[in-house]
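There are 2 protein chains.
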Amino acid sequence: MGKDTTKIALLKTGTRFLKEKGYNHTGIQEILQATGVPKGSFYYYFKSKEDFGLEIIENDAREHNQFLDKYLKDETISPLTRLQRYFEAKYEEFASLQCREGCLLGNLGQELADQNERFRLRLESIFAEWRDRYIDCLQQAQAIGELSPDLDVHILADFCLNSWEGALQQMKVTKSPAPLQTFMSVMFDVVLKR
Amino acid sequence: MGKDTTKIALLKTGTRFLKEKGYNHTGIQEILQATGVPKGSFYYYFKSKEDFGLEIIENDAREHNQFLDKYLKDETISPLTRLQRYFEAKYEEFASLQCREGCLLGNLGQELADQNERFRLRLESIFAEWRDRYIDCLQQAQAIGELSPDLDVHILADFCLNSWEGALQQMKVTKSPAPLQTFMSVMFDVVLKR
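So the sequences go chain by chain: A and B.
If you're matching positions, the first sequence starts at 1 in our numbering and goes up one per residue.
If you're matching positions, the second sequence starts at 1 in our numbering and goes up one per residue.
Looking at chain A on its own, in the form it has when it is part of the complex:
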């Protein structure tokens, strides 16, 4: 494998292991075995398991920000429709994964927030980036009269992100997409009054 290919393969395998097993339970040795990469190569690309984990987080955040922007910046439809389509698309994605894995960054937050301050701070700022995108979309909804001006979009954005993360946790536990459907129906019909 070429240098870039090796690094990409390690990150891809690492992402899969972190989704399946979490951070603490994943060993570098099994990543090396699964990719067929020697230990020396791993440490050429990553200083430590921690740096490896942080780079996996960066990759996931970058991809997810692009996915969010694809939906939330689609000006051909109304702001709340964009938000709804985004959650519907994520719903399809998780349902196709048999309700496994959930949100990698939510999982890592739950696992590591009390243990590793570098992970916690980075995850906190990534979630803030997601929230900012929700806020922007909700502000646009208020501007065109799609959302009541009485509602605080900062609080709504927080609530929306947190509740979605909780719905994903319960999706994993129940192995059913019902918690995601419940989230969408209450969020759009009752909270945002779509």
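Bear in mind the hints are in silico, worked out from the structure with no lab data behind them.
Please read these numbers as outputs of a predicted model, since none were measured by experiment.
Be aware that a few hints might be false.
Put simply, identical chains are the same to the list, so a pair is met inside one copy or across any two.
Within a straight-line C-alpha distance of at most 20 Å, the following computed DMTMM-like cross-link-like pairs (lysine to aspartate or glutamate) qualify [as the list claims (entries may be wrong)]:
1. K175 with D132
2. K73 with E117
3. K73 with E146
4. K193 with D152
5. K175 with E129
6. K175 with E117
Since the structure of chain A is already known, use the hints to place chain B on it.
Quick look at chain B alone, frame taken from chain A:
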């Protein structure tokens, strides 16, 4: 230590480790060291680490059900006030823990739902017991006209539990009780229209 004392000490220490480090990352050896109990005694009480973990879950569920009942069956106040007081009491508890740990059973669900079917099934049914208590309380609120009869209490109870779990995850990540306050304000002011 007497037999019961030994078992109680093991479960208490195990609960603390599971809250701090999760299941996979906790070793029996460190539980033994922290309690000063020999390995043989551990296996006298528990067939395996898995059985130990499941008994910790049972204990936590039993305690939490009692806590829920204390609040939700207090007929001296209205049903929605009971629900609100319950969340306020949990808020105080988590704030006093410096926003660490979160919900043990939610954490274990996130960590183990894809890995261990015994844990997953047990956790699923415990969460269903919590939901049933919310449903009962919300039905009582509808019966006395405190909650709109148009709302589906089963969906609301699911949403309430899932959103609370997500708020706890974000409380851990942000090390702030704000997500719990956001949960309470949107849930009671907007969703349940308290």
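How the hints compare with the structure:
1. For the identical chains of this complex, K175 and D132 are inter-copy neighbours only, at 19 Å across copies versus 30 Å inside a copy, given an alpha-carbon limit of 20 Å.
2. For a Cα distance limit of 20 Å, the shortest separation of K73 from E117 qualifies neither inside one copy, at 32 Å, nor across copies, at 40 Å.
3. Taking CA atoms no more than 20 Å apart as the test, K73 paired with E146 passes inside one copy only; the shortest distance there is 16 Å, against 40 Å between copies.
4. Taking identical chains as interchangeable, the C-alpha atoms of K193 and D152 lie at most 20 Å apart whether they share a chain (14 Å) or sit on different chains (16 Å).
5. With identical chains, the CA atoms of K175 and E129 are at most 20 Å apart between copies only, with a shortest distance of 17 Å across copies and 29 Å within one.
6. Proximity of K175 and E117 under a CA criterion of 20 Å is satisfied inter-copy only: 11 Å between copies versus 31 Å inside one chain copy.
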